[in-house]
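Visitor: Chains A and B supply the protein sequences, listed in that same order. In this text, residue positions in the first sequence follow the numbering used here: the first is 1, and each later residue adds one. In this text, residue positions in the second sequence follow the numbering used here: the first is 1, and each later residue adds one.
It is possible that some hints are incorrect.
Claimed, not checked - From the structure, some residues in chain A lie toward chain B, with a derived Cβ separation under 10 Å:
1) Ala78
2) Ser143
3) Lys150
4) Gly157
5) Trp168
6) Pro180
7) Glu280
8) Phe288
9) Gly292
10) Arg294
Worth flagging that the hints you see were computed from the coordinates, not collected in a lab. The C-beta atom is built at its ideal place from N, Cα and C for all residues, glycine as well.
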Amino acid sequence: MRLAFVDSLFSWPPNGGADVDLYHVAKELKRHGHEVHLFGLDEPGSPERGLFEPSELPFAAAHVEISKGRRGAEKTAAAFYTEIVKFAPDVVLVCDGFFLKPYLVHALSEYPLLCRFYAHELVCHRDILRFKDNAPCANHYLSTPDVCRKCAFELLGPEIRRGTPSAWLREYLHARAYAPTYYQRQLEAFSLIDIAITYNEDMAASLAPWCRNTHVIPGGVDLEAFTFSRCPVRPTQDKKIILMAGRAEDPAKGLSVLLEAGNQLAEQRSDYIIQATLPEDTQGPDWFQAVGWRSHEEMKTLYSQSDICVVPSIWEEPFGLVALEAMASGRPVCVSKVGGLQNIVRHMETGFCFKRSDAAELAKQLSILLDNWELRQRMGAAGRLRAETFYTWESIVEDHYQPLLARVGNLQKSTAN
Amino acid sequence: MHKGLQERYMYRICVFYSHGPHFRKVLLSLRKSYPESHIAALLPPGYPSAVIRELVDTYEFTQYKQYRATQIGALLNLRKQIRKNTPDLFIVMFDSNRLRLLGSLSGVRERYCITQRGHWKHLHITPVRQIIRSTSNSLIGFLQFHRVRLHINRSVKVSSQAKKQ
Numbered sequence: 001m002r003l004a005f006v007d008s009l010f011s012w013p014p015n016g017g018a019d020v021d022l023y024h025v026a027k028e029l030k031r032h033g034h035e036v037h038l039f040g041l042d043e044p045g046s047p048e049r050g051l052f053e054p055s056e057l058p059f060a061a062a063h064v065e066i067s068k069g070r071r072g073a074e075k076t077a078a079a080f081y082t083e084i085v086k087f088a089p090d091v092v093l094v095c096d097g098f099f100l101k102p103y104l105v106h107a108l109s110e111y112p113l114l115c116r117f118y119a120h121e122l123v124c125h126r127d128i129l130r131f132k133d134n135a136p137c138a139n140h141y142l143s144t145p146d147v148c149r150k151c152a153f154e155l156l157g158p159e160i161r162r163g164t165p166s167a168w169l170r171e172y173l174h175a176r177a178y179a180p181t182y183y184q185r186q187l188e189a190f191s192l193i194d195i196a197i198t199y200n201e202d203m204a205a206s207l208a209p210w211c212r213n214t215h216v217i218p219g220g221v222d223l224e225a226f227t228f229s230r231c232p233v234r235p236t237q238d239k240k241i242i243l244m245a246g247r248a249e250d251p252a253k254g255l256s257v258l259l260e261a262g263n264q265l266a267e268q269r270s271d272y273i274i275q276a277t278l279p280e281d282t283q284g285p286d287w288f289q290a291v292g293w294r295s296h297e298e299m300k301t302l303y304s305q306s307d308i309c310v311v312p313s314i315w316e317e318p319f320g321l322v323a324l325e326a327m328a329s330g331r332p333v334c335v336s337k338v339g340g341l342q343n344i345v346r347h348m349e350t351g352f353c354f355k356r357s358d359a360a361e362l363a364k365q366l367s368i369l370l371d372n373w374e375l376r377q378r379m380g381a382a383g384r385l386r387a388e389t390f391y392t393w394e395s396i397v398e399d400h401y402q403p404l405l406a407r408v409g410n411l412q413k414s415t416a417n
Numbered sequence: 001m002h003k004g005l006q007e008r009y010m011y012r013i014c015v016f017y018s019h020g021p022h023f024r025k026v027l028l029s030l031r032k033s034y035p036e037s038h039i040a041a042l043l044p045p046g047y048p049s050a051v052i053r054e055l056v057d058t059y060e061f062t063q064y065k066q067y068r069a070t071q072i073g074a075l076l077n078l079r080k081q082i083r084k085n086t087p088d089l090f091i092v093m094f095d096s097n098r099l100r101l102l103g104s105l106s107g108v109r110e111r112y113c114i115t116q117r118g119h120w121k122h123l124h125i126t127p128v129r130q131i132i133r134s135t136s137n138s139l140i141g142f143l144q145f146h147r148v149r150l151h152i153n154r155s156v157k158v159s160s161q162a163k164k165q
């Protein structure tokens, strides 16, 4: 099959989990004999997207150039269409993007369309998180458009006024996402998608009333990159490392919960240090250390030096790639029971799950793990085994994408007949 | 390295810290590219200088964790701190109006932004052009803000009327 991947945010080295997901899925599909071509966006001067060198990717890729005068959403979608038509794909996979997605779906609707939702994009216009006032938000753009429009404007208004918008805001303005016509366009776009792919059941359920078919496909992990190592055996005087990786500066990621748990631990013991991937100048208690922002490459070392990993997210984390990377590296993981995280980690087997925002429960679990090297080792090994069994990119593509593409092929044939 | 710069030249470089993931990486690459050059870093208060000490010849703390382009006093103080090092290369981490303005005020001949991906971007612009650009951005932003607000208020009004009916 000829597969066109369309992603208006893709960068490599990756900026986040969505880039990693696309890279490995496209690479594996190519290995399965498909002809894969990625179409990314080239926005001159933007530090947020399109930062990849096509020749360095293991599959064909090209930038769709958008000059300064052509940044309207329709024009951008038309530019993608012009390039994609030349490739003549059998299936188009619309991957990461913000408010451009409905325009892309409309422009490419003559092809069978798979649309990947990496977070709560389009369902929340404020950001991709569906998270407000330190709690998950119950509103949904398609159910409560007015409420969501107002909420987004509360946050984005000051940035619009400054006149130096980020990529998110540029798309918001170019797509006229604030206008009621956008709502109609989005509804139509959702009905045009053949299959909407999400990371977990809750996300699929939130899209189900508007999309014809939804399908859950988890993410995977590169086991060759994140190699297994035994938990460090440390002399008694050495401090054990509890690591929080990922965008720790984002309040939705729950660093505050981990720090509260750290405070509670500090009343009983001092044999640990909490590390977080935050800028080096971040201040904190004695037992806290900001290790700086690290590249995807550097994270491997950080995992191997740690003893325990924590993912204390407060928002409905769609998947939780960092938890999986930690498991693949052989570390026990404590995660909050939210979104896709609770599916990745098996409670008491590969780590612990705790109630969202429950610092006391997390402190207890950390204490148990800090006291017991054998338990850390056993859970770490079980985590690696789980990653090997269910979350390799080979198995994700083999078990999910291949049958899905066959299904789309059948759909195509039946429509033609 | 930017093509306009000479390889292995002994520059006097001033690197201005911005809250970003690549500050240390930039210092590392500068030290590698220009081992003989004098590198000075301007850091925000509280920055743990230990993490960059071996990469720079001097470092100095500014008074500001954050400042705005309209804070003339802050800009002049920073300008003074930059000029004290008599640099011939001024480097920032992001391309923003504020940093462009600071760069042009500093009077340093060569001004660059090094992006997260290690690309060098020339920041040459005169202060007058910079002020014009900032003003036009603000004006466009102001108009867009009111346009969006109008749309949102109108749609809320329409749907509340529909609900009443």
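Visitor: None of the hints should be skipped; say for each whether it holds.
Guide: Tested hints:
{"no.": "1", "hint": "Ala78", "verdict": "23 Å, violated"}
{"no.": "2", "hint": "Ser143", "verdict": "13 Å, violated"}
{"no.": "3", "hint": "Lys150", "verdict": "6 Å, holds"}
{"no.": "4", "hint": "Gly157", "verdict": "6 Å, holds"}
{"no.": "5", "hint": "Trp168", "verdict": "14 Å, violated"}
{"no.": "6", "hint": "Pro180", "verdict": "5 Å, holds"}
{"no.": "7", "hint": "Glu280", "verdict": "5 Å, holds"}
{"no.": "8", "hint": "Phe288", "verdict": "13 Å, violated"}
{"no.": "9", "hint": "Gly292", "verdict": "7 Å, holds"}
{"no.": "10", "hint": "Arg294", "verdict": "8 Å, holds"}
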